[in-house]
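Those sequence lines, one after another, are chains A and B.
Going by the working numbering, the residue at position 487 of the first sequence is 487; the numbering climbs one at a time, nothing skipped.
Going by the working numbering, the residue at position 22 of the second sequence is 22; the numbering climbs one at a time, nothing skipped.
Note that these hints are calculated values from the structure, not bench results.
Glycine is no exception: its CB is placed at the ideal position from the N, C-alpha and C atoms.
Some hints could be false.
Every beta carbon over 10 Å from chain B, so not counted as near; a handful from chain A, in silico [as the list claims (entries may be wrong)]: (1) Q371; (2) Q494; (3) V505; (4) L563; (5) Y572; (6) L594; (7) T604.
Covered, in the sense of this in silico footprint (three residues per stretch, anywhere, with C-beta under 8 Å from a C-beta of chain A), are these stretches of chain B [unchecked claim]: (8) 81–95; (9) 199–208.
The residues making up each chain are set out below.
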Amino acid sequence: MEHNVTFLGYIPLLPLIGAAVLGFLHIGTCNRKPLNEKLYGLIACVGPVLAFVLALRVFLTLKGMPEEARYLSQKAFTWFQVGELDITMGFLADPLSSLMLVFVTLIGSLIHIYSIGYMEGDKNIGKFFAYLNLFVGSMLILVLGDNPVVMFVGWEGVGLCSYLLISFYSEETNNVLAGNKAFIVNRIGDLGFVLGMAFLFWAIGAGGFDFFSLKANAHSLTPGIALAVCLLLFVGATGKSAQIPLYVWLPDAMAGPTPVSALIHAATMVTAGVYMVARFSFIYAHVPVAGEIVAWIGILTALLAAIFAMFQDDIKKILAYSTVSQLGYMFAGVGVAAYSAGIFHVFTHAFFKALLFLGAGAIIYAMHHEQNIWKMGGLKNKMPKTYITMLIGALALAGCPPFAGFFSKDEILFSTLATGHYGIWAIGVLVAGMTAFYTFRMIFVVFHGEPRDQEAYDHCHEAPAVMTVPLIILAVGALFAGFLNLPAIFGGNQLVSHWLAPSLVEHHPHVSIFIEIIAIGASVAAFVVGIRIAYKRFAVGAEEPQFSGFCKFAYHKFYIDELYDGVFVQPYKKIGNAIRKTIEPSVTDAPVTLASKLYMVIGTAFKVFQVGYVRVYAIYMIVGLSLMSLLLSQSLN
Amino acid sequence: MTNDFMLLMPLIIITAGAISLMLVAAFEKVTIEQASFCCMGIFGIAFLMQLSNCITGNVTPYETVFNNMLVISNFTRVAGLIILGCGFFTAMSAQTYFKQNNFCTTEFYSLITFSACGMLLLTMVQELISVFIALEIMSLAIYILVGYDRKNKTAAEAVMKYLMLGAFAGAFFTMGAALIYGGAHSTQFSSIGQFVAENGFFNNPALVAGSFFVLVAFLFKAAAFPFHAWVIDVYDGASAPITGYMATGLKTAIFAVFANFLVADESLRSSWVNYLFYFSVFTMFVGNLIAIGQDTLKRMLAASGIVHTGYLLIALVAVSADNFSGNVILYYLAAYAVGTLGMFAALSYLGGEGEKRKSFDDFKGLAQVRPYSAAAITIFLLSMAGIPPTAGFMGKFFVITSAIDAGQIALAVFGIISSILSMWYYLRLIISMYFHEATDSFEDTTSNGLAPIGTFILAACVLIIGLYPVII
Numbered sequence: 001m002e003h004n005v006t007f008l009g010y011i012p013l014l015p016l017i018g019a020a021v022l023g024f025l026h027i028g029t030c031n032r033k034p035l036n037e038k039l040y041g042l043i044a045c046v047g048p049v050l051a052f053v054l055a056l057r058v059f060l061t062l063k064g065m066p067e068e069a070r071y072l073s074q075k076a077f078t079w080f081q082v083g084e085l086d087i088t089m090g091f092l093a094d095p096l097s098s099l100m101l102v103f104v105t106l107i108g109s110l111i112h113i114y115s116i117g118y119m120e121g122d123k124n125i126g127k128f129f130a131y132l133n134l135f136v137g138s139m140l141i142l143v144l145g146d147n148p149v150v151m152f153v154g155w156e157g158v159g160l161c162s163y164l165l166i167s168f169y170s171e172e173t174n175n176v177l178a179g180n181k182a183f184i185v186n187r188i189g190d191l192g193f194v195l196g197m198a199f200l201f202w203a204i205g206a207g208g209f210d211f212f213s214l215k216a217n218a219h220s221l222t223p224g225i226a227l228a229v230c231l232l233l234f235v236g237a238t239g240k241s242a243q244i245p246l247y248v249w250l251p252d253a254m255a256g257p258t259p260v261s262a263l264i265h266a267a268t269m270v271t272a273g274v275y276m277v278a279r280f281s282f283i284y285a286h287v288p289v290a291g292e293i294v295a296w297i298g299i300l301t302a303l304l305a306a307i308f309a310m311f312q313d314d315i316k317k318i319l320a321y322s323t324v325s326q327l328g329y330m331f332a333g334v335g336v337a338a339y340s341a342g343i344f345h346v347f348t349h350a351f352f353k354a355l356l357f358l359g360a361g362a363i364i365y366a367m368h369h370e371q372n373i374w375k376m377g378g379l380k381n382k383m384p385k386t387y388i389t390m391l392i393g394a395l396a397l398a399g400c401p402p403f404a405g406f407f408s409k410d411e412i413l414f415s416t417l418a419t420g421h422y423g424i425w426a427i428g429v430l431v432a433g434m435t436a437f438y439t440f441r442m443i444f445v446v447f448h449g450e451p452r453d454q455e456a457y458d459h460c461h462e463a464p465a466v467m468t469v470p471l472i473i474l475a476v477g478a479l480f481a482g483f484l485n486l487p488a489i490f491g492g493n494q495l496v497s498h499w500l501a502p503s504l505v506e507h508h509p510h511v512s513i514f515i516e517i518i519a520i521g522a523s524v525a526a527f528v529v530g531i532r533i534a535y536k537r538f539a540v541g542a543e544e545p546q547f548s549g550f551c552k553f554a555y556h557k558f559y560i561d562e563l564y565d566g567v568f569v570q571p572y573k574k575i576g577n578a579i580r581k582t583i584e585p586s587v588t589d590a591p592v593t594l595a596s597k598l599y600m601v602i603g604t605a606f607k608v609f610q611v612g613y614v615r616v617y618a619i620y621m622i623v624g625l626s627l628m629s630l631l632l633s634q635s636l637n
Numbered sequence: 001m002t003n004d005f006m007l008l009m010p011l012i013i014i015t016a017g018a019i020s021l022m023l024v025a026a027f028e029k030v031t032i033e034q035a036s037f038c039c040m041g042i043f044g045i046a047f048l049m050q051l052s053n054c055i056t057g058n059v060t061p062y063e064t065v066f067n068n069m070l071v072i073s074n075f076t077r078v079a080g081l082i083i084l085g086c087g088f089f090t091a092m093s094a095q096t097y098f099k100q101n102n103f104c105t106t107e108f109y110s111l112i113t114f115s116a117c118g119m120l121l122l123t124m125v126q127e128l129i130s131v132f133i134a135l136e137i138m139s140l141a142i143y144i145l146v147g148y149d150r151k152n153k154t155a156a157e158a159v160m161k162y163l164m165l166g167a168f169a170g171a172f173f174t175m176g177a178a179l180i181y182g183g184a185h186s187t188q189f190s191s192i193g194q195f196v197a198e199n200g201f202f203n204n205p206a207l208v209a210g211s212f213f214v215l216v217a218f219l220f221k222a223a224a225f226p227f228h229a230w231v232i233d234v235y236d237g238a239s240a241p242i243t244g245y246m247a248t249g250l251k252t253a254i255f256a257v258f259a260n261f262l263v264a265d266e267s268l269r270s271s272w273v274n275y276l277f278y279f280s281v282f283t284m285f286v287g288n289l290i291a292i293g294q295d296t297l298k299r300m301l302a303a304s305g306i307v308h309t310g311y312l313l314i315a316l317v318a319v320s321a322d323n324f325s326g327n328v329i330l331y332y333l334a335a336y337a338v339g340t341l342g343m344f345a346a347l348s349y350l351g352g353e354g355e356k357r358k359s360f361d362d363f364k365g366l367a368q369v370r371p372y373s374a375a376a377i378t379i380f381l382l383s384m385a386g387i388p389p390t391a392g393f394m395g396k397f398f399v400i401t402s403a404i405d406a407g408q409i410a411l412a413v414f415g416i417i418s419s420i421l422s423m424w425y426y427l428r429l430i431i432s433m434y435f436h437e438a439t440d441s442f443e444d445t446t447s448n449g450l451a452p453i454g455t456f457i458l459a460a461c462v463l464i465i466g467l468y469p470v471i472i
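Construct the entire structure; sequences and hints are all you get.
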């Protein structure tokens with residue numbers, strides 16, 4: 001089989017070209033007559049859709065290869081070479097990245113199509129689509145990079161694009177601040193990633209820095225360094241994938257347009273951290289302690305975010321915290337070395353979370369940018385398609401069998417139980433119940449009961465087909481994606497796990513069917529209890545509650561944002577201000593200003609020499625000549 | 001013999017083209033527009049011819065043709081290529097420039113071609129008398145071009161100054177050539193080099209004085225300190241396309257012949273290195289200081305041209321005669337040429353009638369009105385300032401690394417300091433363009449000429465040459 005191909009590079013390149021074309025079109029026309037919006041939409045969709053086709057080709061090519069040698073690679077060019085570090089701009093498609101590729105491009109394409117409807121009438125639509133394309137392109141670089149450095153390019157790219165898109169409505173200060181927050185928090189995580197990468201290079205980089213060589217040399221890492229590498233990389237992951245303590249940016253990221261939220265939460269960005277941990281599974285597998293930490297942080301994040309989600313009243317914030325919570329599950333999965341379960345949850349989550357966000361977008365679009373669920377109600381009659389698709393998404397998120405979320409979440413919970421992490425399992429089951437509760441709280445309040453705002457209700461209408469069709473496609477995904485990895489107990493043979501096996505370093509513990517039944521039973525029970533409580537309290541005639549005590553504490557997200565602000569941001573700002581006011585002007589700036597003033601004076605003085613008389617110029621020549629002659633006469637023998 | 005002709009084909013095309021353009025100009029039916037296209041055509045064909053020579057012909061280095069009067073090496077060919085490119089883009093800029101300024105006649109393009117003929121010869125000559133002839137062919141045409149706008153006082157002033165000081169420098173050259181002949185008994189570069197190698201340099205006063213005078217003439221043409229003073233006024237007085245042409249084509253030719261003369265023998269070069277060091281440092285810093293004080297764009301660019309001469313002198317100090325390829329000099333010249341030509345091409349169509357937009361303030365807010373033009377100008381300026389990923393950065397990088405390789409650490413440090421200083425005046429224009437509200441509508445600049453196209457091609461070249469330095 002030929003492993004070296006030339007078409008991998010086109011997968012990220014196509015959306016990137018799209019971004020460049022859109023960007024130029026936008027710059028060229030924004031001050032004059034704007035182009036037709038549809039044109040932007042069409043150009044924007046070309047890149048991701050073609051990338052999806054190529055991704056399918058990659059997938060099928062890999063499928064045709066023998067299982068143990070499934071990979072494609074492309075070395076585009078030597079990017080740079082410094083000392084021992086020889087970095088190729090190389091791409092690698094193995095089962096892990098091919099799975100990511102397929103769903104990133106698929107969901108990315110659907111979100112692009114949906115955006116044509118959602119962003120209609122926005123004057124910066126060209127800019128929006130350019131960023132969106134750039135976002136997908138960066139994510140594809142991240143997924144395809146065959147060494148950590150190329151991966152880091154994509155890693156930074158998605159960080160940048162999230163910043164650009166979160167602050168897209170830049171007229172409002174809050175949106176810009178949210179963008180800043182996302183960027184800065186991500187940068188803190190990036191520091192971890194860079195340090196981890198540096199450690200890795202220092203330890204085993206001499207044998208080559210692509211993933212194959214690293215995997216081959218991973219055994220020579222000393223336990224201490226391996227632990228350090230794992231934890232530092234995980235710091236990066238907590239930033240990008242919104243885990244404790246760096247999760248704070250994700251809920252604020254709701255400031256961006258809704259398709260962007262969908263893109264960030266489903267296809268790109270937040271999944272990067274999980275993907276990265278799975279990609280480095282060859283190191284994590286050797287350091288159980290690191291896995292333990294990852295799993296605990298993951299499950300605690302899941303718990304915390306679920307608590308927050310139960311008390312939010314902004315539809316997008318509920319979904320945002322649910323993403324944080326689900327990401328927590330994924331890390332719990334990869335933490336207990338069930339990498340394929342974690343990635344599988346990434347995969348199914350992408351479908352139903354994109355679906356829920358796009359559905360929420362349709363509602364917001366219909367309600368004229370109202371996001372408070374307590375202003376909605378009874379919408380199921382007005383927006384039947386959105387209702388049904390979102391209901392499917394909600395069932396999948398809540399983990400109702402046989403929807404996608406059930407299988408993947410169950411797989412993770414089962415793995416925690418199978419590896420003996422009973423505490424994590426118990427919290428996981430609790431969170432599953434809470435998930436069912438807050439998801440259906442949202443569904444009931446928004447779609448059922450009586451309209452709370454009669455005027456908005458009367459004006460509201462179903463979204464256009466360009467928005468509902470992607471919803472329906474995603475709903476199909478949310479319904480059936482779970483069957484891809486049907487466990488043996490239901491007569492399946494875990495296609496996804498087997499597919500991913502060659503890319504990952506994991507072993508499936510053999511446990512009795514009894515434990516598997518317990519796991520499934522507990523999940524289903526949690527789901528039923530959660531949904532039942534939600535039904536009782538919110539199905540009919542619920543009013544906006546006044547929180548007190550713990551609820552109020554949770555409604556304000558435990559005041560963690562305020563805590564960070566008080567402990568880190570404000571002191572940092574104060575120090576910065578102090579430096580700006582005292583040290584900068586007097587210590588660092590003064591000599592520079594002085595030097596520049598000096599040159600200004602000398603420069604002006606030199607103007608005097610340009611008198612404009614030829615005779616003076618001739619004199620300069622003669623003087624110069626004479627001086628040189630004097631010098632020369634010294635050297636004459 | 002046929003081989004000789006093939007190698008000289010670009011020169012022959014240019015000369016024949018110049019003569020026929022001059023003849024054609026006698027007919028009234030030929031419009032200025034047509035003449036400009038003919039001129040571009042001639043340069044284009046000669047350029048392609050030279051390019052194919054560069055790619056295909058595998059001559060031994062320093063192949064001599066026409067009985068040792070001319071020499072052809074890869075160095076001379078690429079230098080010729082740069083000159084022909086400069087001519088092409090100058091004709092392109094002029095085409096647009098003369099839509100707004102009407103002092104042009106068809107002979108203008110003939111003169112550009114004549115001067116290119118002199119420049120091409122200069123890159124190849126190996127003998128002092130031929131140098132003088134080539135220098136004069138080039139200079140005479142340029143004198144006329146500088147003062148082409150006879151009604152314009154500054155142009156008249158510029159040509160007077162240039163002519164007088166040029167004659168001064170020409171006198172030095174002939175004097176120097178005579179002394180060298182007296183000292184070394186030959187006018188051939190190689191024989192002079194051989195003579196120096198055998199008999200030493202500093203024990204022959206005639207040779208020392210002669211080569212010093214020749215050096216002065218070269219330094220004058222290349223605008224090095226202290227022979228730089230004419231540059232500001234002359235560049236300011238000449239029309240924008242011609243200024244661009246002088247700053248690029250002429251400089252390329254001069255540095256080509258300068259390098260050819262110096263590297264004729266290692267001992268000749270090494271005897272001059274110490275002195276060139278001072279010339280280089282002073283040229284850079286004086287140029288910078290003059291540029292800082294300027295308020296109009298063309299004067300600033302003229303002064304920055306002095307600074308770039310300083311960098312090229314660094315490269316001359318650092319070249320080694322034993323293994324002379326001239327790559328560094330050529331790369332720097334090419335990088336400088338695309339940046340400067342682009343700058344003047346942009347000025348050709350943005351300047352307006354009678355070049356009324358001159359100062360930094362006149363270009364305030366250009367980015368709002370003409371975003372692409374402003375972006376292109378920004379690229380040129382960043383290239384001249386030496387900021388990656390432009391050609392100018394790579395050029396400076398090569399120059400400075402070559403200086404370090406040659407052990408001239410001090411020179412490298414001075415070069416870096418000077419390049420930091422130069423940000424001052426380059427960034428000033430960028431600030432004007434981007435950080436101020438537009439006061440001018442630039443409406444008269446939307447003429448449908450070729451100069452904008454040329455500008456964008458050159459901007460692309462700056463980036464391409466910067467990212468793939470290998471192609472040169």
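How the hints compare with the structure:
{"no.": "1", "hint": "Q371", "result": "holds (36 Å)"}
{"no.": "2", "hint": "Q494", "result": "holds (48 Å)"}
{"no.": "3", "hint": "V505", "result": "holds (39 Å)"}
{"no.": "4", "hint": "L563", "result": "holds (39 Å)"}
{"no.": "5", "hint": "Y572", "result": "holds (29 Å)"}
{"no.": "6", "hint": "L594", "result": "holds (15 Å)"}
{"no.": "7", "hint": "T604", "result": "violated (5 Å)"}
{"no.": "8", "hint": "81–95", "result": "violated (count 0)"}
{"no.": "9", "hint": "199–208", "result": "holds (count 5)"}
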